[in-house]
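The hints should help you fit chain P onto chain G, whose structure is shown.
There are 2 protein chains.
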Amino acid sequence: MRQLFAFMLCFPLLVQAQVNQDSIQLKKMSDEILTNGKAYDLLRELTKKIGGRLAGSPQQQNAAIWGKRNMDALQADKVYFQPCKTPAWQRGGKDFAAIVGVNGVATNTPLAALALGNSLGSNGLIEAEVLAVANFDELEKRKDEVKGKIVYYHSVFDATKVQTFKAYGESGIYRGSGASRAAKYGAVGVMIHSLSTAPDNAPHTGGMRYDDAYPKIPAVALGPNDAKALYAMTKKSTVRAQMQTYGFFLSDADENNVVAELKGSTYPDEIITIGGHLDSWDVNEGAHDDGAGVVQTMEVLRTMKALHYQPKHTIRFVLFANEENGGRGGAKYAELAKLNKEKHIFALESDEGGFTPRSIGITSSEAQFKRFEKWSALLKPFGTEITSGGGGADIGPLVGYDKSIILSSLIPDSQRYFDLHHAKTDVFENVNKRELLLGAVNIAAIIYLVDQYGVNP
Amino acid sequence: MRQLFAFMLCFPLLVQAQVNQDSIQLKKMSDEILTNGKAYDLLRELTKKIGGRLAGSPQQQNAAIWGKRNMDALQADKVYFQPCKTPAWQRGGKDFAAIVGVNGVATNTPLAALALGNSLGSNGLIEAEVLAVANFDELEKRKDEVKGKIVYYHSVFDATKVQTFKAYGESGIYRGSGASRAAKYGAVGVMIHSLSTAPDNAPHTGGMRYDDAYPKIPAVALGPNDAKALYAMTKKSTVRAQMQTYGFFLSDADENNVVAELKGSTYPDEIITIGGHLDSWDVNEGAHDDGAGVVQTMEVLRTMKALHYQPKHTIRFVLFANEENGGRGGAKYAELAKLNKEKHIFALESDEGGFTPRSIGITSSEAQFKRFEKWSALLKPFGTEITSGGGGADIGPLVGYDKSIILSSLIPDSQRYFDLHHAKTDVFENVNKRELLLGAVNIAAIIYLVDQYGVNP
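If you read the sequences in order, they're chains G and P.
Residues in the first sequence are numbered from 1 upward in steps of one, following our numbering.
Residues in the second sequence are numbered from 1 upward in steps of one, following our numbering.
Hints in this document: simulated from the structure, not taken from any laboratory.
Just to be clear, a hint being listed does not mean it is correct.
[Claimed, not checked] Using 27 Å as the maximum straight-line C-alpha spacing, the simulated BS3-like pairs for lysine-lysine come out as follows:
1. K28(P) to K380(G)
2. K370(P) to K380(G)
3. K236(G) to K28(G)
4. K228(G) to K48(P)
5. K28(P) to K161(G)
6. K166(G) to K370(P)
With the rest of the complex left out, here is chain G (with noise of 0.2 Å):
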């Protein structure tokens, strides 16, 4: 009785000494990096030096170059290249959409428009009928009106959704699957209503893929403003368009996922990464999609060497090669951490912008979250929490090689994200330095963690 009793007034206090150490080094790594943090100077660095990156680009291989360079600088045990084959999409040329005729009267109204990314040109200027439909279901309904039309998707955003990326999710279904579901009925062309949030005209970009079974019409997202004006002249009138695009594809490229590590002192062999993508669309400098993740991922590993930090697990920054049309960089990562039997227990993702983060995302068993939920006291003072559900694109394949790895992703608030997501305005000067910063900070914090107790409760 007399031990329990002592058992019992001791532990609370080991577990209280724990809390606070650990408060202190979460103190520690923040301090640091809100103080002399370097991502806001390196994402400077990307995004105006080197520029958009689009995969099979020479900035995307000069992106890789800078990389490597930069966690070189900061000392890492190693820092490596993984070879990776990417596609090597070309937008071509300018894009070019415009109404030119309502109820048989010939206008001329240009639309802003980009081509989505992966979408074959229209090898010369095609001119058709626009069919305009809400959705797939109504698609479906006046399947018999496709034939030789262009069809237009008023894949609008739903503004009443909080959460942006469940909007994302809803209507970018058309930007994916939209030009092959039309081309099935026989469309000519496609036009989605860009993927934004923003009170502006600005198209935006972004990947779409074919189903080989039907022809491979090309696709455009038209600014916000025009998409509309077009939707409600449609209502009313007959309305023609023109449009005229020139993707094509070069054969795949080299490109590198640039990985630096710092050994583990205790587990060596087992694995904890985070990562962010190097490359962007070619249209915006992609500052914060994704060169906030890669800037984040590289200020963490400034920090853990700035304060002479000795992980116990292998910690592995990694700047993924490939995201956004083809996914390839993440795909080669998985790949050779199977063929080398590695062992991964936790992989971070930060590719949701560099905006004050939220959260800190968790896929894992429901016992391991329960333990991870614990952590959300110590992650409150710097703006987060623990929330169920996270992961992304680059870490996502590695799953596929074991079920048992957890998932997660640094949540920032989502309201301005789509307002530039693949758009012109993903810029430097639309990055906030202290939101970026406390990106980092919160990685670390969730990356100390992990490291200092595992992933098991």
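What follows is chain P alone, placed relative to chain G:
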């Protein structure tokens, strides 16, 4: 026993039904605001057509007329002016500061500078040696060196504070009372490091107050880069500087609080107040500070009318006349509340910028707070929760009249506010539509809950 059992069964169901009904109403308001919200358009008008609106300026007069006209158009039950005298501080000219000598060698390095609001002009160009101090402690230690000098306070923001308002509070005392503290020992002028988190050199103005016991010496805020360079220089060299400012007061101006009311159906004599302040500094458009609070207030009124919401309590929508350099708008509102023996139960202010809302701050008794806290679950889908501590400069005076009034504030993410607060960058372009509207959503939510259930457990 049977009765108790039945009661236990029913009670959670009733509570659940209530919660569901509230969730539905909150979602309805949120959808209305995120879909049809006019706050962003109103903010464009206020900032672009009217512009900066310091109390006593013609712009501020126009802003009050604009506010009344728009709230009339929203068909509140009553819309009226509350006349109110305000200070009429004038900047008077283009503020100037420069380094003109280093170790006796003449130089000419201009410094980005803005006179502090309420500071008086320098009466011509003044030139003196700079005494740079880290803080008031150092000033006191070196008080014998102050006479005849320009005192520079290195009131740099503490970047490690995740809650930026904490850092603002700490550095803000130098802006508020630095001039008189230095004048006490014979300083001829004062410079401070701008209260800024931005990685730029824009100077930030803001209110100061003289202690009538000492000479009223001129005071400027320097751009962050210039301030840091000056401070570093004084560590190695004797630095001479010049400054010239032009501030003066016209006699007090006749301004107005603008008040709209929805009359309560059940408790017409119990008043709930929502508000923001119409005035801004002269150097910007006052978009976040506090155009955002003004148009969010109007948006809540618009939404209640659009949804035909009939409040139980009387709800007041108040655009305060003067917060920045006098607080006379809030003082007048409280004075009239006392005079008219009004019963106020709850007042909420939005004056921390139009950024993504993080919480609703509440200052109340512990028992009341516990009841408020239960509403966190209802607010969560809209991104906020109830946190302890709320209020603001405009509603604060109500407590002097009745200590039982609950004060509340919309607490948005604070990372970006001090990048632009009181600087020329506080313009419409730096406000995000969704973030602004989401603030109004959360104000509408808490006001609805208070109106339905009152403030007592």
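Okay, the hints, checked on the actual structure:
The suggested pairing of K28(P) with K380(G) is violated, with an alpha-carbon distance near 30 Å, which exceeds 27 Å. Our distance criterion of 27 Å between C-alpha atoms is met by K370(P) and K380(G), whose separation comes to about 20 Å. Distance hint between K236(G) and K28(G) is unfulfilled; the C-alpha atoms sit about 63 Å from each other, more than 27 Å. A distance of roughly 26 Å separates the Cα atoms of K228(G) and K48(P); the hinted pair therefore holds under the 27 Å criterion.
For the given pair, K28(P) sits about 12 Å from K161(G) by alpha-carbon distance, which is consistent with the 27 Å threshold. Under the criterion of a C-alpha separation no larger than 27 Å, the hint pairing K166(G) with K370(P) is inconsistent with the structure, at around 32 Å.
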